[in-house]
Every structure is written in C-alpha cells, then in structure tokens.
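Protein chains in written order, with this note's numbering: chain Y, 958 to 1418; chain X, 77 to 708.
It is worth saying that the hints were derived from the structure and are not from the lab. These numbers were taken from a predicted model, which means no experiment stands behind them. Careful: at least some of the hints might be erroneous.
Below, computed lysine-lysine pairings styled on PhoX-like, alpha-carbon distance capped at 20 Å [what the hints assert, rightly or not]: (1) X:LYS665 x X:LYS438; (2) X:LYS701 x X:LYS672; (3) X:LYS206 x X:LYS441; (4) X:LYS632 x Y:LYS1372; (5) Y:LYS1372 x X:LYS167; (6) Y:LYS1372 x X:LYS631.
The following label-pair restraints were derived from C-beta to C-beta distances [stated by the list, open to error]: (7) X:GLU655 x Y:ARG1122: 34 to 42 Å; (8) Y:LEU1029 x X:SER686: 35 to 43 Å; (9) Y:LEU1146 x X:ARG380: 29 to 37 Å; (10) X:GLY345 x Y:GLU1164: 48 to 56 Å; (11) Y:GLU1164 x X:LYS407: 49 to 57 Å; (12) X:GLU195 x Y:GLU1377: 46 to 54 Å.
Facing chain X, according to a computed beta carbon distance under 8 Å, are these residues of chain Y, among others [to be verified]: (13) PRO1142; (14) GLY1145; (15) VAL1406.
Virtual Cβ for every residue (Gly too), placed ideally from N, Cα, C.
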Amino acid sequence: MLEDTIAAITTAYGEAAVGIVRISGPQAAAIAKRVLRNRMQEIVSIEKWASHTLHKAEVWDAVRKEKLDEVLVAVMWGPRSYTGEDVIELQGHGGRLVIQEVLQVVLQAGARLAEPGEFTRRAFINGRLDLAQAEAVIELIRARSEGARRLALQQLQGQITQLIRELKHKLIGVTAGMEAVLDFPEEGLETSNQEVEQLTQVIRDLEQIILQARTGRTIREGIRVVIIGKPNVGKSSLWNTLIGEDRAIVTEMAGTTRDVMEEEVIVKGIPIRLVDTAGIRETMDLVERIGVEKARDMLRRGQVVIVVLDAGEGLGNEDQKVLELVSGLPLLLVVNKSDLEVSRINESDLQCYFPGQQVIWASMKEKWGIEEIKTAILHKVLGNIEPGGEEGMISSIRHEDALRRCLTACQGALKALQREMPSECVLVDIYEALECLGEITGETVSEQVLDRIFSEFCIGK
Amino acid sequence: MELEYKAGDYDVIVIGGGHAGCEAGLAAARMGCRTLIFSINLDGIALMPCNPSIGGPGKGHLVREVDALGGEIGINIDKTFIQVRRLNTGKGPAVRALRAQADKKEYQNEMLLTLLQQENLDIKQAMIEKILVKGDRVTGVVTRTGAVFTARAIIVTTGTYLRGRIIIGEIAYESGPHGQFPSVGLAASLAELGLELGRYKTGTPARVNRRTVDFSKMIEQPGDREGWNFSFMHDKIQREQISCWLTYTNLKTHEIILNNLDRAPMYSGFIKGIGPRYCPSIEDKVVRFKGKEGHQVFLEPEGRRTNELYVQGMSTSLPEEIQIQIMRTVKGLENVEIIRPAYAIEYDYIKGDQLQLTLETKNIKGLFTAGQINGSSGYEEAAAQGILAGINAALQIQNKEPLTLKRSDGYIGVLIDDLITKENWEPYRVMTARAEYRLLLREDNADLRLTEIGRKVGTVSDERWERFETRLKEIEKEREWLRQTMVSARDKEIQAWLRSIGSTELKQNCSLWELIRRPEVALNQLVQRLGREDSVLPGILEEVETEIKYEGYIKKQMEQVERFLKLEGKKIPPGFNFEEVPGLSNEGKQKLLRVKPETMGQAGRIGGVSPADLSVLLVYLEHRKRSSKQLN
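Same shape as in the complex, but just chain X (with noise of 0.2 Å):
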C-alpha cells in the first residue's frame, strides 16, 4: 500500500482485546516483553458478547487455572460479579465449581483500567489488514489506515471477528458480534499464508427489558450468601448479589417454533456453519427433544446500571417477529419487550491441526494465535488459551524453553491438546467429562498445581507467590494437626457425635486422618465438634479433607498420569516425515502427517492411529536415533 507509514516497534503485538488478547497481553507484558494490543474497537475490550457469566463445571476449572499462572480473569470476575454460587456442592470435589453473573460494562472498565495501567503494555484502536511475513517467520503487522507496527511475535485472537456475518431470520450482514466491526481483510491475510480456515456458527439469545418481565411467576434464582472468590488473590468476597429467574417454555411456545420452521435459517440451510450441540438454539430443542413439553428459560441480568437481561436457553435465529412471538408465550414474559434480538453468527476458525501445542503455528515462526480462532467456544477457553500464548510468545523471544501444559497439569492441558489433536466438528467447550485425571484437577488445588510454573516463567508476582506460600505452609500445618490430633474412644461425647450422623462408633482411639476417611464425617463438622478455633484460611480444611477421604482413587489416577507421562515423555522429533516410516496403516499415516504429533503420547490419541502403528513408529524412531549416533 502507497499510504503506509512506520508507525512502532514491538516485541509483542496482540491482534484483539477480547479474552484471550487480554490474557495474552498482560502475560506478555508482566514477563518483560515491549507488548501491544490492537482492537477493532477500544470500548469492546473484554466484551462479553453472549452469556453475562463465567464459570461452571470445567469454565470454572479453567478460571482457577489461568489465576494460578498470574493471569487476570479470576481477578477481574471476583471484582465486578453481581452473583455468585458454587455449583455441585452435593456431589464430588472434583466437579464442584463457581459460577458468577458478571457485570458486563463493569467487567469491561475494570478490565480496560488493567490494561492501561500495566507497565510495558500499550493499547491501540486499529483494524489489522496484514500479517507480514519475511521467510517463515512474522516481522508485523499492517492497520486499515496503513500504520505499519514491527514485532518478533504476533498472537492472532480475533475471536468471532474473523469475517463474521449475522444472521436474523431471512436478514444477513457482514458483522462482528454485538454490533462490532467484522474483520475481513485478515482473514484473507491468514489465508495467504497458507493457513486453513474453517468455518462456525455459534448465536447468542435476545435481550430483554426487566421493566417488561413479570418476576412473580418466575422462580428466584439467588447466589450464595456465603460469597466466594475465584482468585487466589482474594479472600471470600460479601457483596450485595441480584438474582437471577427461571421460567420455562410450553407447547404454545414449541407450536409456533414448529410452525417457522422454514424461517430458521438453519433448518432452511442458510447458514453452513456447524454450530455447537452444546448450545442448541430453541428451535433445534424443539425439534431434538418432541416429547419434552418444557424447556427452562433463565432470566440473568446483565448489570448493576443497566435494565437488560440475558434469556438464557433462547438462543435462535428465527426472524425478528417470530422471536416476540415465541418469547411471548412463555410464564412472565407475556408483554415483554426485546432490546436486543437475538442473531446466530458465523466466523472463521482456524483448524487447530496447524499448531504446536505452544499454541505457535506450526509454518510461521513467532505466529501464534488463542482462544475462539482455534475452534473453542467460551470467554474462560479464550483466556486459557491467552495467558499460555502469550507466555510462549514472551519465552520465544527470551529465548527460553516454551511452555506446554499436560493433560495432567490441568484443564488447559487438555483443552489446547484436544484443540490440536482430535478432529473437532463443532466450537469446542470444556467439559470435566473431557479431563481423564479429573480427580486430581480440582478448582481447589489449581494453585498447586500450577502457580510454581508461572513464578519460573515470570508470570506470578510476589504478592501472589507470598499468598502461596503461605496457603503451602497452612495447608502442612493442617495434615500436622489431623495426624497428630487423637480422638478417644472412651470420649462419649465424640461417640455419640458420630452415631447421630450415622456413622458407627470407635473401637479404639484413632486419629482425625484417620477419622476423616469415613465417607459420612466431614471435616468442617468435626472441627467445630471438637470446639476448634476456627483460624484456617478458607478452602484449606476442604483440600486437606479431599486428600484424605479419595485417598485410594486419587492415588489410581496417579498411576494412570504415570502411565501416561512415560508416552508423553518419548518426543517425536520436530520436522519429523511420517512419509518415510515403512509398515504404517493407511488410514494412521495419514492421521500423523495431518497432525504432526510432538509425542507418542499425542499421536496415541489421533483417532485412526493403531497401537501397531504406534509400535511400528516406535521402532523406526529408535532406528533412526541410532543410524544418526552411528553416522556420528
């Protein structure tokens, strides 16, 4: 372009301010590195541009993760929820987790005031036209208005950006979401340099007018009073919480949806993207589940400061006047009045197949790209994806060994490896279903797991690392205090105790471990029983507890991450040509050269690859290795 201009240089340029250019960002930047964030439109940074919430069964997972290494969603969601609650209480530790309504314009400003204040981090409104590219590797990037801004990484998150288009029944436009800019010329920049690109669809529900909605036939949903905080960082949090709502559809409701049938564009094959099965719109419910006479239908606002509220469980894009007429159907909400309609859209995804599990493209050196341009869905996968791009982006240029995380190491393990390994149809959401070790992933020990890798990269402060250490030493002092505490037979007070809570009594004096192995003892209980002042840091009691009473399926899961990590231990050479392996199947040739494994333990898990393949490239790497030492 003739009007092009030298406008900066970087060591890091973000392209998009969404949930994992944030991450990246800040990551980025905390470790040292000269970082930049492009984003289309300054006030959609940290947009929330579906659900008002974050967290829930694996999101909530994820959250706790990101925290631990030094990132910021945990921190900013603790500051600006309107409510918040732990969900599976009732069931096991592994599966329990927070869920917080954000508020949204809040979440955002307090995320916008992180940015600018974080030393090394600059911010900038511009729409990126051009990747460049000298060899194989990135040199910077170009804006609309020609600016031309050089760096040795680039991390691409452009979210639902990427060529997106909005479709409202029979109506279709070039857009973003919630009324943001599309990204086009990108898109094709992208291509151009050899990367494939696939296509979505996801949608999002109207939003509504709470001055419109009847609560009194609806069922409150409130939060916890107890208050939680999903960051490290914070201690429980007490604030004021506003409640969300539950209604449901009905057969009136499903009547008229079976009736505009052929105006869904789905069903009518306007759209071709693939959508996601977990987020049905209302009309695939229907249509899915005919003997199903409700569906529930959940009214959560969106903030302190404003009237609209979220209908969760309405994603659909039926047309306009379909939409009133259907929402009009349902207990509470016979005058209500849309503020928002409600859209699906499309956008381009690159397959994840292209990347290293660095979250670097696998053709382009110092290219990396995160979050729903990888083929996730959800703002907690994007800043997952985020904050480890953008660490990997940093160590690159630190020269420093690249980080990955394991299936083992938590949820972003498992995440970014079936991002990259499995062959993924539809926007990929975390489920606990997903993570085999799920006993030893908990939303408690995130930290242990994980902050002591992000102190070594340089993402943890001292504040946070001090935190941690000092959870460390209270969490040993406890296991002091259960192994050494003694309770007595002859105490009848204690015996009689565990009979009313059904348990049976002792025979002889054991310990509190001991003691805390009975399914039906719980921890907090016995420590206000034995009168104990209750000096713990909160959370503390609940991972020793866990600890103790899944000693035996937790010590089983750690046999199967051992197994597990040996496979994960045998490296594929980098650049390494399945092409000349001899005695490969057909079908597992082609799965290794689409994926490019960097482990044994990776290309055991493509789909299509047998374990005689597996044994056959075994073999032959071992070959190889000792033709090369022979050579030398």
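Chain Y on its own, in the form it takes in the complex (with noise of 0.2 Å):
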C-alpha cells in the first residue's frame, strides 16, 4: 500500500493558471524520467538533479508521439519531501484539459492514482506530520473517502453500473466456468467451452465503454475548439462572438508556441474550450512557421476544428490547403459574411470541397447562426446525449484508468488463450481483469465466483 507511486492533479479545478502533477514514491523519478524529454527531445538525467530545485523540460505522450506540455519539474527527494518520499511535481501552464493528459501519461508510465487523501497520509507515516495533526489527517481521508464514494456512488447509479455489472457478469461466468472444470475434473461438466467468444465480447464492451468514458470526462472537463480559416474570413469577430459575455476563463497556454490562445465559454453547462491557433490569427502563416505536420498536430488536440468561410469570396487556393490541413479531423463548417446579398459559396462548391460535412450558414456582423454553431459543437461531441443528463457515463478518470487496465488484462487473457496456456494461467489475467472493475464497484468477486459454480454446474459426490 505504501510502497507503490502514486500520482496525482494537486491544484483544484479553476483554481490557478497552472496545473500541477504530484508523483511520490520510489519509482517518482523512473516514472517523470519515462515521460520527460528536454528541448532536444532527449531523456533527461533527472536522478543527478539536486533536491528542491526547479528545471524546464517537456512532457511527451510516448503512444502518440506528441509534445503534451512545457512544464517546470520540481524536484523534492526524500525524507525532505511533504510526503516523505521522493517527490517530483510537474507544473504545467496549461489548462485543465492538457494537465489530465499529462496525469494520463504519467498513470501510463506505472504510476497509480492517489487515494483522496493518500498524500497526507503517507506524510504522516512518514513523519512528515507531528502527532496533532494525526487525528486530522484520519478525519481527512474518512471525509474525502467518504465523498468520494458518495460521487462514485452518484455516477454508478443509472446505465453504466449496469454495464459494469454486465460485464462483470459475464467475466465471472468465464471464469467460474474454467475453475469448474479445474477442480471438479471428475464430475462430467457440461461447460460451454465459449471462452474465447466470450472475451472477444467482454473486449469489445470495454471499448465502448471506455470510448463513453471520453465522452463523460469531456462533460466535466469541456470541448477543445480549435477555429481556423484563411485570413480575413472573420475567424476573429467568430472568436470574439462566441466569447462575448460568456467569457469565463482566460489562460495563456503552453503548446508548440507561446501564442496559442485558450479561452472559455460554457454552454449548456459544459465549458468549450475555443483554441486560437494564433494570437498569429492566420493559419497560413501559423503552417509556413511550423510546417503542416506539427500544425496538424496542433489541430489533432481540438476535439471540434471549426473552419470557417467566406460567403463574400467563393472557395480557392487557400481553402483547398486548409482543406489538406484539416482532412479526417472532425470539421465543423461556418459560413461567414451570409447576409451578403451576393454569396460566392454554394452547397455543391462545399460538397466538392469538403463532401459529407455539416454547414452553418452565419453573420458575425449580424450575429446569425451562433446558437447553431454552439448547438453543433456539442453535437458533434457528445452526438444525441444531452448534456444534462450524465448518469450514462464514467466521468472520471480514476474510473478510466480501471477500465482501461481491465481492458489489458483481458486482451492478455484471450492471448493466452488463443496461444493454449492453462487455464491457470489464463485465469491469472482474467482475476486481474475482475480485481480492476472491483475497483469501480467496491465489491470483491473471489466468494461470487465460487457462487456461481456451485449455481451453475451440478457438483458433488
């Protein structure tokens, strides 16, 4: 329980400019070491850093080799670290979203999410805290663990606590299944030998949980938008519009170039996040300064890429490079300039240029069609689900991170499987699966499985 690496977002939502990443534990520095790179893009000798001192590096997401954030690492070696052990934070300047995707990362590379309140508790055990504060410390965690459980409570109750009970269901059907036949060898079972069915199912149903999973973090944690467009289409007045009096949060953020914007506005509850891939306002020029890859890049990380159009000017040149820039990202298509009484775009160019796409035919000047382009952004995201209604999905990332390592256990199983390992050892997977939904669902599974072979299959002398 103490001696794993634990990571977690220490800054509160909204709190603060920036987001910061707590890691502690033995492994902190080998864990920061796997996802840090400095300018060079080279791993980084983090162990020969000195305690409490402060260094600049990137963190880079290894699977999608991509640049997620510039952070500064602090680094605190123990005992003299709040928690007693090796301490490393990452401070990043980037919104909320960038800083979960840092955490994700830094999950990935084998740290495991904090408990509520595990932090102050390992200082505690440590010594890092006198005896006063013992009896606080024991109130925090019951509060926070009780508060949690209340939230993981709420958000298990409607459809996706019956995905995981399905789930579960069907996992434990597998395995009782197998440990019948591993230790009633004499009794004749009738069993169904579908595992590998089975599995396949289980794996595909974790998939598309995982996928809601996404979408319900995005609920909590807002839409990137990313706007682009030749110059002068009116990407700005689109900006400024969208922003108006919703204004609500303006970060400077840290991405490939210091003159990224991100600002906020919330719609129907949910915070879009509008990226403007210039304080450079022109995408052309944004593309001959860094090249189109690390552009595309840029504009892989909106959920929602907007360009935008001119009604007043017809489609050409430039629009099929931005064309080229944006193909396969999801697209949002905004008409500009449509009170124009002469419109040089009309739905066919727009199929020809950008087949299957939605349009919004809309005037900045005349504040047509904003409320479509917000609508259409949810819509894009979240598809037919309505923002108010949330109990469908996993919103949070502990959550996910369960799931996904459930998701590897089971691919690991039917491996095994499919490569004719014992049972056994099959089994060993498939145990780790169930342990990670446990984890969803508070409950333990070792006496259900023994349940249901005894209900299920006709045993005894």
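Both chains are sitting in their own frames, so use the hints and assemble them into the complex.
Structure follows, in structure tokens:
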C-alpha cells in the first residue's frame, strides 16, 4: 500500500492558471523520466538533479509521439519532501485538459492514481506531520473517501453501473466455467467452451465503455475547439462573438507555441474551450512558421475544428490548403458573411471541397447562427447525449484508469487462450481484470465466483 | 466429580484420533513433547467415515504439503492405496493432482501402528467430558470415568463427533459417524469456556454389496498404470490396483426422489444444520438441476478384504426404504443390496473467528482446535490443520516463536486464513480456485516451499531432509544442463522433429532452456529425442519444465505475492482494541472486532472492511506507536 508510486493533480479545478501533477513514491524519478524530454527531445537525468531545484522540460506522450506541455519540474528527494518519499511535481501552464493528459501519461508510465488523502496519509506515516495532526488526517481520509464514495455512487447509478455489472457478470461466468472444470475434473461437467467468444465480447464492450468514458470526461472537463481559416474570413469575429459576455477564464496556454490562446465559455453547463491557433490569427502563417505536420498535430488536439469560410469570396486555392490541413479531423464548417446579398459559396461547392461535412450559414455582423454553432459543437462531441443527463457516463479519470487496466488484462487473457496456455494462466489475467472492475464497484469477487460455480454446475459426490 | 482421580501428566493432549488428531499428536511427539491422544474408540483411529479416497485438486496439494512438513497422511495413503490416478493431466501445472482410493481398514491399521510405535506418544481409549482451565490457561482434561490428565496444551479434534446426531428419513438419533459414540459432555464444556458453537450438517451415501452389482452395465474407471506417490519419502509405487465403476441415475430415479421429497429431512425442515454446496445430496441435485437427465454415480471399493462399495453421488438423507427404491432404478444396481444406509449427520463446530492463525483459541491459552470442529470438511483439510496445531502446541511449550503459514506459502495457509477471516456458511472445502497464488503452490513443489520450515521446527526427520537435499541438487543439475546444452540449427533430425510436433524450425542455435519455452515442446519428449539416459529422479523434469514454460506467469504471481507480503508484514498488536479507533465505518468496526485480524493484510480480506477503513487503521496504529515511543 505504501510502497508503490502514486500521482494526482494537486491543483483544484479553476483555482489557478498552473496545474500541478504530483508524483510520490520510490519510482517517482523513474516514472517522470519516462514522460519527460529536454528541448532536444532527449531523456533527462532526473536522478542527478539536486533536491529542491526547478528544471525546465517537456512532457511527451510516447504513444502518440507528441508533446503535451512544457513544464517546470520540481524535484524533492525523500525524506525531505511533503510525503517523506521522493516527490516530483510537474507544473504545467496549460489548462485543465492539458494537465489531465499529463496525468494520464504519468499513470501510463507506471504510477497509480492516488487515493483521496493519500499524499497526506503518506506524509503522516513517514513522520512528516506531527502527532497533533494525526486525528485531522483520519478525519480528512474519512471525509474525502466518503465524498469520493458518494460521488462514485452517484456516477454509478444508472446505465454505467448496469454496463459494468454485466461485464463483471460475463467475466465471472467465464471464470466459473473454467474453475469448475479445474476443481472438479471427475464430474463430467458440461461447460460452454466459449471462452474466446465471451472474452472477445467483453473486450468489445470494454472498448465501448471507455469511449463513452471519454465522452463523460468531456462533459466535466470541456470540449476543445480549434478555429482555422484563411486570412480575413472572420475568425476573430467568430472568436469574439462566441466568447461574448460568456467569457469565463483566460489562460495562457503552453503548447507548441506561446502564442496560442485558450478561452472558455460555458454552453448548457459544458465548458467549451476555444483555442485560437494564433495570436497569429492566420492559419497559413502558422503553417509556414511551424510546418504542416506540427500544425496538424495541434489541430488534432481539438475535439472540433471549425473551418471558417467567407461567403463573399468563394472557395479557392487557399481553402484547398486548409482542406489538406484538416482532412480526417472532426470538422464544422461555418460560412461567415451569409448576410451578403450575393453569396459566392453554394452547397455544391462545399460538397466538392468538404464532402459530407456539416455546414452552418452565419453572419458575425448580424449575429446569425451563433446558437447553431454552439449546439453543433456539443452535438459533434456528445452525439445525441443530452448534456443534462450525465448518469450514463463514467466521468472519473479513476474509473477510466481501472477500465483501461481491465481491458489490458482481458486482452492478455484472450491472447493466452489463443496460444492455448493452461487455464490457470489465463485466469491470472482474468482475475486481474475482475479486480479492476471491483475497484469501480467496490466489490470483491472471489466468493461470487464460487457462488457461480455451485449455482451453474451440478457438483458433488 | 467425586470419583475423579489423578491419572497422568503430559505436555500435549489431543482429544480425538481422526485425521487431524493423528497429525497433531505425531507432530508434537516428533518435536519432543510427551503427547497423549484420546480416542472414544481405538478402532476409530484414522477412520474414513465418508469417501474411501484421498486427494483431488486442492486436497492432493494439502496432502503433499502436510507430507513436506513431515506429516503422515501422504506416507499412510501411499502404503494403503488400492488405486491411484493423476487428475487434470491435460491441464496446467498448478491443478494437476493425485487422487487415491484407500483400503479403509488398512489405512486405519497402518496409522494406528505408526502411532503406537511413535516415541513420546501414548494412546488411550476414553471419552473426554471436560476441559480444565485455570485463569485463562488450560490445565488438563477429565474423562468420563473420572481420570484427570494434566497438560500444558490441549488440541481438540472432535470431527463430527461433537453432539453428533444422525438422521435417516424420519429417524434421528444421537451418534458419532459410522456407528461411533457421539461426544456430548465436551460440547457443554467448550460452551462453558465461552466458545461460540455453530451447527453444520454433512452426509454420506450408502455402502452396497459388491456381489449384488452388475458391473457389465457400467463403465470401468481403472487407476493409472504408471503408479504414483503422494509422499516425498517414496518413489513411484507400483501395485496391483482395483477399478472403480461409473453409472448414471435416470428419469425414473429422479421421479421417485421428487415424489418423496416430503420425507427428505432437508426439505421438511427436520435438519437445521447447513450442508455444503459442493457435496449436495442426490435430492438436492435433482431439485436444483431439473433439466439434467442423469447424474454420475461412481462405485468405489472400500478395500481389498471387503465387499463394501461406496456409492459416490448418492448421498441422501431420505428414509431407508426410499434409498433402496432409488438405487434399484440405476443401471447395474437393479438387484443391489445395501449394507449400510446413507445418513445425514449434524454436529457442533466452533466459529473460526475465535481462533488465531496458529489455531490456538484467542481467549484460552494453550487450547488449540483442528479439523472439522473448525468448520472444515475433508480428511486432507483436517490433517493440514492437525499438523499445524500440533506444531504450534509444541512450539508454545518450548517457548519458541509460533508457526503461521501465509496464503503465499501453501494451501494450508489459504485454508486456515479462510476459516478464520471469512464468514463461512457451510463446511469449508479447499479448492484451487481459492488460492490466489495457485501457480506457485503446486503439488510438485510442496517440499521446496515447506520442508525447510518443517526441518526448522523439528518435524522433518534426517532421512526426509537427506532426500530433500538430494532433490534440490538434482533440480539444480537439471537446470544447469538445460542452460548449457545447445541445439544446433543444422541438426536436421531435431528440425524434422520440431516440424512433426507442429512447432517451427530453429533459425539459430539455441539452448534447451530456450527451446522448452515453446508451449508445444515437451521436455520429456525432448530428453528422449536427445537419447539421454534418463537417470533423473521422477518429477524433476516436470518441476524444471514448469519453471521455464510458465516463467512469465510465475513472475507475475511472485510480484503479486510481494505486494501481498508487504501488507501481511504490517502487524496489528495482539489484543488491540478496534473500538478505540475513531473514524472507522460502523460495518468495518464490527467486522474488525469480530475477527480481530493479526495483520493489515488479514484485515483487508474481511468482507465489509473498506480501503478507507484500512487507511484509518493504518494511520491510527502509527499514531499509537509514536505516542507510546514519546511516552517512553
């Protein structure tokens, strides 16, 4: 319990312009090393850094091979740290979404998401807090875990509970069948032998739920929208109109370039983050400056890319370049200046350039189409899910983490089955998968497996 | 009692000479304690009142573990089996298990002889009525005839004798199993000592006369020709074997059962004790699995010098006249004659949460319990607890550290932890599914896991230790050979052979070790292939092959064990009052108070104790530790 390495975001939502991911435990340096690079994209020698020093570095997502954020790395070697263990803090200047992604890669690199109050608990156990604080710590753990439990329960009521229960039921079914044959070899049991099919189904379901989980997280954490278009089509007007008086938070965002701005508006309770690709408002400039690939990478991090077109000008070469840049991304076409009497853009042109994409005819000047744009953004990400009814989704990163580990374990089990490994080996992975689901529902499964064996198979002398 | 007289003094007294009692008495005596075993009837020593068989998945593992610790069950079944098979041979290494049919009478005779010949060990036939206690410590026992025996430690192994009650249909009477006397006074004495007793039920099928069975209508189940050995003290045993026979119930059987359910005491409410799910009566099976047209019935011989056959699968508490009707519907049993009718038996057991992991009761020093009285079932489970209780009684007398086995040490650890920590509602049977580190706890490596422990406490003889050391050396030699011996990619014969077994050809030279990693390459075939004279001790190749083939999974399990051990290492001080911990959830507190776990790991396995409760407990214990340090 105490010896593994934990990580969590330690800044509360909306509290500050910096987000901090704290990593604590014996593997803190090793884990940080896996996600950090210097400016030359080289591995950094964290273990050589002196305690209580700050360093600049970049956080990289090794899987997607992209830079997530520039961060300041604070190293505090145990026992002279808050928790008494090796502590590494990654201070990002990005918004909430970026810091979530940073946490995500830290978890993928081997840290476990910290329990509520766990940093404090470790601090106490390692003698970093004095005795008088002990009772306060107990209260804190209790209150936080109660809160977390209530929250988890709330999230679990409804469809997602049902989904996870069904998954668990299926996995326990597979387990019980395999176990019954192992423990009662002389009973002549008739089991299904459908483990491969069953597991494949479970894996498909899991992938589906994880997808939904991401949607759920969007609802809590916001939708990133990137606006692009050739010069003078009205990107700034769209930006300003959308923000309007709803303007919420302004943060300077560190990404590929310091000039990218991020602002947030709340639509139907959901944060929409508008990312302007430039203080630099001109997309093509951006491409010239940083190259097509990097520009695309940046666009890819938007969940919706709005392409602004000018009804007064018609489609041309420059739009062609934009098209190349955004192909395959989730697009929303906004034709500005639709109030002009003569529109040089018609539906068939659009279909030719951007086949199958949703089009909104708008005028920033006349304030037409603004609400449609907002609704379309939501629709694009959430589909038909009504933002009000969150209960169908897993919105917690903790649950998503557990589901991902569950998926990996199931995939391992399936592979073992296909390689005809013995059942006991396959079951090592299946039990791990069940344990992950148990973290979400708070139940243990060993007795349930036995119950299933005895209820489904006729066993006995 | 006026007629009491002082009859003798021992270090350890064992009440009961069943499978737990025998191991307990032998272990204590072998460790140098003057030990006395009481049995209600000397002819009931090591009696097998149910199945004439030992072993099976989980159970076979237990036998091997008891043997590795220097126990007797493995040696005794090896001496007396009339059939032996290895189950699950087509499955993985962790669930392969031996199962033997015993010659019941021979089994008893051999065990009795071993007890009689054991130094430091006495046996007496007497019924114990009372356990004597002074303060919180046992001092001795009183027999029904008034003899007072004093002792430093007492191990109670009463099996199903404690307030035993036999039920056959509408008939019920006080009795131990198999026509033995029940132990009644002792139950009251245990209750007086403050132990909470519960009531379980189990049952056994009828025994029938071999002469009246038509085997031509049944399927023969022979033993493995190869011969096997449970005990690490033996090599493979070749012996003439006797077959079992398989037949099936049918719709007619089920109809008679369903028509007479009102006469089944389980259904009429006449039996209140809870029976085990894994050992259901035939009426239970028919009711619960209505769609099934036939249930297996095995006829198992009870020995070489008897005509009695055990009818596995036909356990019932229906009235005798119905039992005969049911039997005679079964193919091959049309003219069967019953020798002993099937019966259900109810008995007292003590709730496991009153015990420590050493099997000493929490509240009375020197009082140990083992076997079915602790809520388990099965000879093997009893033997496993017996040896551990015997060892701990002796260690206590010798003022030595107690021995507890962890879930990662063996099935014995799983069994005892489950009995004490979990809330059980039925007699407990070991299963491989209960062992979370199953891949590490194999039959083949029981000695590697436990023999050193047995040697240290003093139950492992010089002879056993010598055999063990030889085996260790052989294993190392074999590993070395596999690492050093290279196979050439130019060896056409090997390449052809690899193709023939559906494997792929070698691209470059590799060691045998590497080659064995392939699931389809079997080490024993490879050894034959290479024409190596097979001078290896039996079991060694398999041991090494398992290590290599399943290395990835074994490593994973070892990591799990490491995490488990960290929590297991966080001890909760004995006598700790969970009541004083602020911030525990109500349910968590109740459960902790009930079980009084000895480690944080054990606390975590109690149903109803949440991770938050564990955190709170951890912080509180640390607080307490530091406060006391400050005071000092």
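Status of the hints after comparison with the structure:
{"no.": "1", "hint": "X:LYS665 x X:LYS438", "in the structure": "18 Å, holds"}
{"no.": "2", "hint": "X:LYS701 x X:LYS672", "in the structure": "18 Å, holds"}
{"no.": "3", "hint": "X:LYS206 x X:LYS441", "in the structure": "16 Å, holds"}
{"no.": "4", "hint": "X:LYS632 x Y:LYS1372", "in the structure": "16 Å, holds"}
{"no.": "5", "hint": "Y:LYS1372 x X:LYS167", "in the structure": "17 Å, holds"}
{"no.": "6", "hint": "Y:LYS1372 x X:LYS631", "in the structure": "18 Å, holds"}
{"no.": "7", "hint": "X:GLU655 x Y:ARG1122: 34 to 42 Å", "in the structure": "36 Å, holds"}
{"no.": "8", "hint": "Y:LEU1029 x X:SER686: 35 to 43 Å", "in the structure": "37 Å, holds"}
{"no.": "9", "hint": "Y:LEU1146 x X:ARG380: 29 to 37 Å", "in the structure": "32 Å, holds"}
{"no.": "10", "hint": "X:GLY345 x Y:GLU1164: 48 to 56 Å", "in the structure": "51 Å, holds"}
{"no.": "11", "hint": "Y:GLU1164 x X:LYS407: 49 to 57 Å", "in the structure": "51 Å, holds"}
{"no.": "12", "hint": "X:GLU195 x Y:GLU1377: 46 to 54 Å", "in the structure": "52 Å, holds"}
{"no.": "13", "hint": "PRO1142", "in the structure": "5 Å, holds"}
{"no.": "14", "hint": "GLY1145", "in the structure": "6 Å, holds"}
{"no.": "15", "hint": "VAL1406", "in the structure": "6 Å, holds"}
Checked against the numbered hints above, the structure violates none of them.
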